[in-house]
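*Asks:* In case you want the letters, here they are:
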Amino acid sequence: MIRQLFQYKGGVKLPEHKQQSTRLPIQKAALPQRLTLPLQQHIGTPSTPIVEVGDSVLKGQMIAKAASLISAPVHAPTSGRVIEIGEYAIPHPSGLKAPCIVIETDGNDAWCDHRKPVGDCHDYSPDQIRDYIRNAGVVGLGGAGFPSFLKLTLGNDRVVETLILNGAECEPYITCDDILMRERPLEIIKGLMIMKHALVAKNCVIGIEDNKPEAAAALRGAIKELAVEVEVIEVPTRYPTGGEKQLIKILTGKEIPPKALPIEKRVVVHNVGTAAAVYRAICLGEPLISRITTVTGALKKPANYEIPFGISAAELLAQAGVEESSVERIIHGGPMMGFSLNSVEIPLIKTSNCLLVTDKKTVPLLDKQQAHACIRCGSCADVCPINLLPQQLYWHSRAKDFDKVQDYNLFDCIECGCCDYVCPSQIPLVQYFRFAKTSIWQAEQEKKQAELAKERHQFRQLRIEREKAEKKARHKAKAAKVAANNSENSDKKQAIEDAMARVKAKKQQAAEASPEKPESGGNT
Amino acid sequence: MQLNTPSSPHIHSGDQLSQLMQRVLWALLPAITLYVVFFGWGIIVNILIAVLAALTFEAIALRLRKRPLGSNLGDFSAVLTAVLLALALPPLAPWWLLVVAVFFAIVFAKHLYGGLGFNPFNPAMIGYVVVLISFPREVTTWLPPEAISGESISFVGALSATLTGTLANGINPDAISMATPLDHLKTQLTQNHVISEIIHDNTIFGQLAGSGWEWINLAFLVGGCWLIYKKVIHWHIPVAMLASLALIAGVFWLIDSERYASPLFHLLSGGAMLGAFFIATDPVTASTTNRGRILFGIGIGILVYIIRSWGGYPEGVAFAVLLMNMLAPTLDYYTQPRVFGRGRNS
Ligand code: SF4
Ligand code: SF4
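Order-wise, the sequence lines are chains A and B. Residues in the first sequence are numbered consecutively from 0, following numbering that gives the first Met the number 0. Residues in the second sequence are numbered consecutively from 0, following numbering that gives the first Met the number 0.
In case anyone wonders, no lab produced these hints; they're calculated from the structure. Just to be clear, a hint being listed does not mean it is correct.
Unchecked claim - 35 angstroms max Cα-Cα, derived DSBU-like pairs, lysine-lysine:
id	chain 1	residue 1	chain 2	residue 2
1	A	Lys8	B	Lys229
2	B	Lys65	A	Lys403
3	A	Lys359	B	Lys230
4	A	Lys446	A	Lys399
5	B	Lys65	A	Lys436
6	B	Lys229	A	Lys300
7	A	Lys360	B	Lys229
8	B	Lys65	A	Lys359
9	B	Lys65	A	Lys399
10	B	Lys229	A	Lys253
11	B	Lys230	A	Lys360
12	B	Lys230	A	Lys253
13	B	Lys229	A	Lys17
14	A	Lys258	B	Lys230
15	B	Lys230	A	Lys436
16	A	Lys300	A	Lys360
17	A	Lys436	A	Lys8
18	A	Lys403	B	Lys229
19	A	Lys201	A	Lys150
20	B	Lys230	A	Lys150
21	A	Lys403	A	Lys436
22	B	Lys65	A	Lys8
23	B	Lys230	A	Lys17
24	A	Lys12	B	Lys230
25	A	Lys12	B	Lys229
26	A	Lys8	A	Lys253
27	B	Lys230	A	Lys403
All values derive from a computational prediction rather than experimental measurement.
Based on the sequences and whatever the hints tell you, model everything.
*Replies:* Following this line, the structure appears as structure tokens:
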């Protein structure tokens, strides 16, 4: 069957640089002595530790539980002992530190015994499947790390027409999905079938960029072997086709509005790596404790490594044969959207899909020269997959005109970097957009806080006034009560008052009788 | 380990501003070559003087504004402005005419507004309009093609004419200068001549439009198409401008072909092609959305026709472009493209 493919506007063709990391099969990274596991390796609330320093843990044992609905538990990638729970640098553009559980590995790699493999997922209800996946800590492995069970939950109209597996992998250099599809296609397809069951999805489609024919062939083989109905579709190689909404547009023609979720249009997209993780969670009872990470660039052994979470970048790079002295930068993720690490002492986590190492000689990234002025050539707008006008966004961001910049839909920008890539004036456009976004968020935060303060002030004012009014009312009531009391006791009171008046009168008489005394004394 | 930590994206296509500008200059080459063939070496002298003046003014302006010289001088934008001005002014124009035009283009229209990218008006056209208004005679008298005047203009001759006012052989260029075909047609029409009578037997008119001019305009067209193919410019402005010019000219021509020149004459005369592909497309001052570009082009086409037919000047490209420059920001604002996932829903 030939499926009609659609097109999104814009995008760029990038040099791929993918061969070098696909020459070797998946390499198993050697287990390091220490694993540093951040409590947050996903989008959402950080997980809550359920172990204490000194505890022994087994491989696959949950060491931190989900703290809320949008959260994911963390499991021990191997057996060992918890030696610290403290703040360490995590892979994040900000370079900030966050709480981590540090495990000293014991080398036994001993599994915990409460693995519960599920035979046939169809014996379980979608709800049960979702629970398993949730407890296995599975998150999207494509990059964002959104807890997967949430994306396996039905929307309001409870229909999923198309379940899409994303195998596009459009960023240059990265091949972790490619190699996984080539080597473990059965896991992916089985995982896909479990997802299909959980979502009661009607159709399953796998989208792969047409620069990965081996992967497509392997998946087709697996589909045949399992005799399931899944369509593998080759889509044109173009960045950012691997973007969720771009891939949906290509495969279904549907455009998911900004801020909306695909499920609202009866589509769900998962990454191929996530499908394999789901398979392992359900069929093998293995929680998510490892992933495939591409390590490539200026190093001796570029390949895809199966890494235990918590391994430090330094450790992995050493295993891949990096000459530390010549390294220029290390990018976590791809060259278009990844961020550069400021230290190699950083643990790799569920979302670490690639480490790209550059030195000035063998992997020179075409670094921008000094930026020129924007000449409004419009090249940026031509390639923007969201159909924004980056030149206008730039102009107003630069002028800090944050109202205008929102008029031009700044917040729809996905920071894909296409505009930046083509700009002949070599302006760091995305940097400007990030700056504008953060400034607006900050301003909003401040405004909110100011409003809150104002509200509090007004509340206080109101309260004071109310209290005053109440006090007054109370006083009045009291006074009235006193007055009422008074009239009751008026006779008694009258008597007292009379008596007092008499005393007073007497005193006065006495005083009038003796005034001359001091005067005369004074005159003499 | 000392790591470099720039933010994403970490790669770039390698496209450069200077390369863009150079491509535009290359695209002018066919027309410049034909210019030399038909009108002699005057244009080359024009270009040399204008470029020299432009680079000098640019350097001074950058120095005064304390901007780095190297990268800005090397972006070729001043060179492009100079070459466009040289093409817009008569081939044997006195040197000071060029220098004044370039001065206003570079210093006033560009640097006083904040330099490249910040100028609301097309610098070359500002320079042109300033000298057109100040020195109308010098700007509107052109040499006829060499084949008509019988005078072949050598490089030395052109240089001498430009610097001293007389050709190397002592002839005053004024003696052989004439109005351009567009200018001639207009003056004759205002004197109530009809077109067939004006064109008849007048050698300054060729097969399609002005003799010589028609080929140069076709060469601009070829260069312009190459720029579109190379994605240096978008097709919207030139196509919209030429189409609207042709359409409106066609309507009037159908109404009365004796009083209104043919669409083809309009397309291949004066600065129509140069304007459409090289001047109106100046990205800094044009509209920057696709729909905006189309409206921008249409506006210029209509204004060119109005000024040519009823205005006080024989050619209207410069005024039309400047007028539309004023509208560009408004056009941009109201013609934003539909953002992915917004508006129309699939
Ligand atoms: S590509 Fe660069 S120079 Fe061109 S309009 Fe966009 S920001 Fe300006
Ligand atoms: S980074 Fe933003 S503005 Fe630039 S191309 Fe991507 S979505 Fe468009």
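*Asks:* Against the structure, test the hints numbered earlier, and report the numbers of the ones violated in rising order.
*Replies:* 6, 20, 22
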